[in-house]
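Spelled out from the first residue to the last, the chains are:
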Amino acid sequence: MTEDSGMKENIVCPFCGCLCDDIALSVVGNQITDNKNGCSISQAKFLNHHDDRLAMDSSVEELVKKAAEIIVKSKRLLVYGLSSTENDAHREAYKIAEEVGGVVDNTSSVCHGPTILGTQESGESIAALAETRHRADLVIYWGSNPQFAHPRHMSRYVRADGLFIKDGKKDRKIWVVDVRKTISAGVADKFVKINPGSDLEIISALRAIARGKILDVEEVGGLSINELTELVEAMKNAKYGVLFFGLGLTQSKGRHRNIDAAIRLIQDLNYDSKWSMMPMRGHYNVAGANKTSTWQTGYPYAVDYARGYPRYQPGEYTAVDMLVRGEPDAVLNIAADPAAHFPRAAVKHLAGIPVINLDPKQNMTSLLAKVNIQTAISGIECDGAAVRMDGLPLYLKKVVDPPEGVLPDRDVLRMIYDEVRRLKK
Amino acid sequence: MSRVGVEALLTSGRTLKQGRAMELGKLGPEYLKEVAICEMDKVTLEALGLDEGDPVCVETLHGSVLVTSKIDRRAEPGIVFIPCGPYANAVTGSDTENTGMPDFKGVSAQIFGAKGEKVLNVKELLKQIMEGA
Numbered sequence: 001m002t003e004d005s006g007m008k009e010n011i012v013c014p015f016c017g018c019l020c021d022d023i024a025l026s027v028v029g030n031q032i033t034d035n036k037n038g039c040s041i042s043q044a045k046f047l048n049h050h051d052d053r054l055a056m057d058s059s060v061e062e063l064v065k066k067a068a069e070i071i072v073k074s075k076r077l078l079v080y081g082l083s084s085t086e087n088d089a090h091r092e093a094y095k096i097a098e099e100v101g102g103v104v105d106n107t108s109s110v111c112h113g114p115t116i117l118g119t120q121e122s123g124e125s126i127a128a129l130a131e132t133r134h135r136a137d138l139v140i141y142w143g144s145n146p147q148f149a150h151p152r153h154m155s156r157y158v159r160a161d162g163l164f165i166k167d168g169k170k171d172r173k174i175w176v177v178d179v180r181k182t183i184s185a186g187v188a189d190k191f192v193k194i195n196p197g198s199d200l201e202i203i204s205a206l207r208a209i210a211r212g213k214i215l216d217v218e219e220v221g222g223l224s225i226n227e228l229t230e231l232v233e234a235m236k237n238a239k240y241g242v243l244f245f246g247l248g249l250t251q252s253k254g255r256h257r258n259i260d261a262a263i264r265l266i267q268d269l270n271y272d273s274k275w276s277m278m279p280m281r282g283h284y285n286v287a288g289a290n291k292t293s294t295w296q297t298g299y300p301y302a303v304d305y306a307r308g309y310p311r312y313q314p315g316e317y318t319a320v321d322m323l324v325r326g327e328p329d330a331v332l333n334i335a336a337d338p339a340a341h342f343p344r345a346a347v348k349h350l351a352g353i354p355v356i357n358l359d360p361k362q363n364m365t366s367l368l369a370k371v372n373i374q375t376a377i378s379g380i381e382c383d384g385a386a387v388r389m390d391g392l393p394l395y396l397k398k399v400v401d402p403p404e405g406v407l408p409d410r411d412v413l414r415m416i417y418d419e420v421r422r423l424k425k
Numbered sequence: 001m002s003r004v005g006v007e008a009l010l011t012s013g014r015t016l017k018q019g020r021a022m023e024l025g026k027l028g029p030e031y032l033k034e035v036a037i038c039e040m041d042k043v044t045l046e047a048l049g050l051d052e053g054d055p056v057c058v059e060t061l062h063g064s065v066l067v068t069s070k071i072d073r074r075a076e077p078g079i080v081f082i083p084c085g086p087y088a089n090a091v092t093g094s095d096t097e098n099t100g101m102p103d104f105k106g107v108s109a110q111i112f113g114a115k116g117e118k119v120l121n122v123k124e125l126l127k128q129i130m131e132g133a
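Those protein sequences? They're chains A and B, same order as listed.
Counted the way our numbering counts, the first sequence spans residues 1 to 425.
Counted the way our numbering counts, the second sequence spans residues 1 to 133.
Just so you know, these hints were derived from the structure itself, not from any lab.
Think of the CB as a built atom: it goes at the ideal place given N, C-alpha and C, for glycine as much as any other residue.
Hints may contain errors.
Reference listing, derived: stretches of chain B covered by chain A, where coverage requires no fewer than 3 residues with Cβ under 8 angstroms from a Cβ of chain A [what the hints assert, rightly or not]:
(1) 8-16
(2) 46-60
(3) 76-84
(4) 108-122
Could you put the whole structure together from the sequences, leaning on the hints where they help?
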């Protein structure tokens, strides 16, 4: 049982990669009645956690048996999701993939997977979010719309006053680089509009100018050479700069090459100034999924156990590619909604194979799943650990009890693993 | 449906309302209202001969989908936006160029007015995808 009713403070919000840890909740009985400090998405998440729950057509034990039978019968299991559940659940999911020689991929393959590929190519120049708040005098959001996707990112880390940046509103400049004028661009000090799909060219041009090269063109990606030169000069003259980048950079033409080039730009800028960069991670524990996957399998995503040992190959063992090839004959989906977030061709194959779906709430994937198991919401109905976008692990607290008979993902996955082992004997 | 359309690049991403609606229920009317839309500038909407709220058909090489038109006052001609979700993905290609990542941004699209047509709800859209239409 959770503690008595009252105000619960310093709660971590399990929605986006900011993992805001200053949420204060009023709890009456087993109901959350108020959320102080949370953004509007956080409000919706905490105050409506009991609504729209996933229906189960029999007991958890029966459903676990059905799930284990599907898994044991399958020749090519795909385990997918994991970014909206806590780290202990990840461990159990990897164990199942290893036990049956399946593939395990997380949602980063369709968000910041290219960031990981770029990092593997050129290194990681990440810093803590607190450094941004205390030190950064120039912050760039590239292909990212934080006011919508990370609603408190600006107010907590960028517009807030810091130790060395005394006035976050006056002493720090914010630029937004994007193909369209987003709401974040509207509140920034400078909006740099670029042509769609030209990120790699622009970053390469910025690097060349930073190194003193003369470019024999008038414009690159919609920006004149004069504009590009002004950007480089301002970036070199910053005391401490941070480049936050979103899916506008990872999902557009160039993908991991965009990230590779951006990392190299940051490395170049460090000859003249101090710069770091950070991906704007979307789901609250997608960074954790990459970390736990690396701890346990050796690789951050797209891991295949078919040969009994882990192999890594994005493009081959990533969920969309596997589904489009028609390769998996069963899917174990945990805390994700691939039916809503994958392209049509991938969803079509998903609809034709048995899907085991673990989620607190109903969604598009639950409509086509053969086995639906409702689980507790991490950070509201069960505890756990999650990783913030800058790599900081934070402890998620249990605030209220889950609905009767509903277990955390980790417990259900452990039960499935045990049943799979029993059936295989 | 009108066969006189407007060419544009289609991009997708999160919106605050989409994120909020997702937490209220991904099969509910609020979610449908926030993801089954196509945001565009006023000139594009006028070129299509539509009023805000009229349905549009968004066609790409990978499929077509009916969504509700919405004006984005900050937008300029040439780029239209559908919030991330099943409607944007219904017209997204699945080639990842061996990275795992499909083309979620910058897909060439044609937008047609579709007055009188019905925007499918999430369940109907899924049925349509499953049946391969």
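How the hints compare with the structure:
1. 8-16: holds (count 6)
2. 46-60: violated (count 0)
3. 76-84: Since three or more residues must qualify, the claim that chain A covers the region 76-84 of chain B holds, with 4 doing so at under 8 angstroms.
4. 108-122: violated (count 1)
Checked against the numbered hints given earlier, this structure breaks hints 2, 4; the rest are met.
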